Structure formats: structure tokens, C-alpha cells
Amino acid sequence: MKKNIFTLFMVAILSTSSFGQGISFSLDFGYAKPGGTAFEDANGESMVGFGLYYGFDAMYMINKKLGAGLAYNGSALLGVSTGLADAGLYGLGVYGAKAFFTPVESKIKPYASLTIGASKLASPEITYTDGLGNETVVPGESAMGFGIMPEIGVCLGGFVIQASYIVPMGYTFDGATESVSAGGLQIGIGYRQFIFFK
-5 MKKNIFTLFM VAILSTSSFG QGISFSLDFG YAKPGGTAFE DANGESMVGF
45 GLYYGFDAMY MINKKLGAGL AYNGSALLGV STGLADAGLY GLGVYGAKAF
95 FTPVESKIKP YASLTIGASK LASPEITYTD GLGNETVVPG ESAMGFGIMP
145 EIGVCLGGFV IQASYIVPMG YTFDGATESV SAGGLQIGIG YRQFIFFK
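-5 is the number of the first residue of the sequence shown in the numbering used here; add one for each residue after it.
It should be emphasised that the hints constitute simulated quantities derived from the structure, not laboratory data. Incorrect hints may appear among the rest.
[As the list claims (entries may be wrong)] Heads up, simulated DSBU-like pairs for lysine-lysine below, C-alpha to C-alpha not over 30 Å straight-line:
hint, residue 1, residue 2
1, K103, K58
2, K114, K27
3, K101, K59
4, K59, K103
5, K103, K27
6, K58, K101
[As the list claims (entries may be wrong)] Pair ranges (Cβ atoms, derived):
hint, residue 1, residue 2, range
7, I155, V131, 39 to 45 Å
8, E39, G16, 47 to 53 Å
9, G169, L21, 33 to 39 Å
10, E39, E119, 14 to 20 Å
11, V98, L21, 20 to 26 Å
12, A62, T171, 37 to 43 Å
13, L150, T171, 46 to 52 Å
14, V131, V98, 52 to 58 Å
15, V131, L108, 36 to 42 Å
16, S173, L21, 28 to 34 Å
Computed from a predicted model, the values in this text were never measured in an experiment. Every residue gets a Cβ at the ideal spot worked out from N, C-alpha and C, and that includes glycine.
Construct the complete structure from the given sequences, taking the supplied hints into account.
Below, the structure written as C-alpha cells:
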């Protein structure tokens, strides 16, 4: 039943849009707000302050409404000091296959997209201080996980305003007995170019 519904949905899209195979690519950047236990100390206090992200993609446009391709999104997240820990710069990236859909063919295009693939969490060197002032240094490390990132936005000519969300997933560092979660919200601006061959 679900397969039939999906088939009818795709037929409806293809039959109601004018065919114009082409390519599209974009570049965007903006503010990143991380979330998850990977960015918290033992008391649950956030060890991350301000964050920035950048992303780009390249897609084949099946028609003027539907496209698919590859995408990358990377975040640099500035660590802060808490009562228990002092952290440096975190990194969180998602890269994989991206699907894109817009319901209109005008210059003003609301759109939705979904990126599914792999993700990488990079943790900086973290210094923990106990109640006696003794310090323990945990070296920086990284871990891989599954990445899912939905996105909504609007294209105003070539200018793009968008919001995306990296769905929090589990990451297990080498030697760790428990996984940590990491994800976050991103809001940014950018540029998207469409080139149709017919």
C-alpha cells in the first residue's frame, strides 16, 4: 500500500511539472546551535557556545521541481568553560545523498530537502577539574555515526534563506562504554543556481 502511494505521488509530481533536466548547486553558511549529551559536562551544563556552519551540494534536476545529488554540511562549535570542564573547538559534519523538492517553478521557490548519509563528531581536548582543583585532560577524538538532516527554506532568485536540523544520533568514541548524542539546529543564508538544459 505504501509503495502504491509513493508511486502515485511521484507520477503526480512528474505529470504536473514541465520537464527540464539540468543541474543545481548551492553554497550556504550561518548560525549553528548544537544539542546533545556530547556537548554537556557531568552536571548537564552546556560546554558549547556560539557555532558556525557551512554547506554545499550538487544535484541533478530530474525536472524543474525535483532533484537528487550529494551534499556536505560542516559545523565549527566553540567550546566554553563550565564549573567542571574547559573545552576547545568541536566539529560536527554530515555528508551523503540529498533529495530536493519545490512545488513551484517561479523565481520565489519554497522548498524542502533531506540529506541522509554519514556523520562525524569531533571532540576537542577537554580539561576536567575536580573539587580539589585536580585536573584531568581528555585528548581530542572523533567518532562516526548515521546522519539525517531535513531542511526547509525559500529561494528568492538565487538568494536562499534556510533552516536545517541535524537529527541527534549516537556516537561512540574508542574505549568508551556508552555513546553520546549530537545534533543541532542551523539557520543560514546562501546562493543556489539552477541550470536547465531544455
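Here is how each hint holds up against the structure:
no.	hint	result
1	K103 <-> K58	11 Å, holds
2	K114 <-> K27	16 Å, holds
3	K101 <-> K59	12 Å, holds
4	K59 <-> K103	9 Å, holds
5	K103 <-> K27	26 Å, holds
6	K58 <-> K101	12 Å, holds
7	I155 <-> V131: 39 to 45 Å	42 Å, holds
8	E39 <-> G16: 47 to 53 Å	49 Å, holds
9	G169 <-> L21: 33 to 39 Å	38 Å, holds
10	E39 <-> E119: 14 to 20 Å	18 Å, holds
11	V98 <-> L21: 20 to 26 Å	22 Å, holds
12	A62 <-> T171: 37 to 43 Å	39 Å, holds
13	L150 <-> T171: 46 to 52 Å	49 Å, holds
14	V131 <-> V98: 52 to 58 Å	54 Å, holds
15	V131 <-> L108: 36 to 42 Å	39 Å, holds
16	S173 <-> L21: 28 to 34 Å	32 Å, holds
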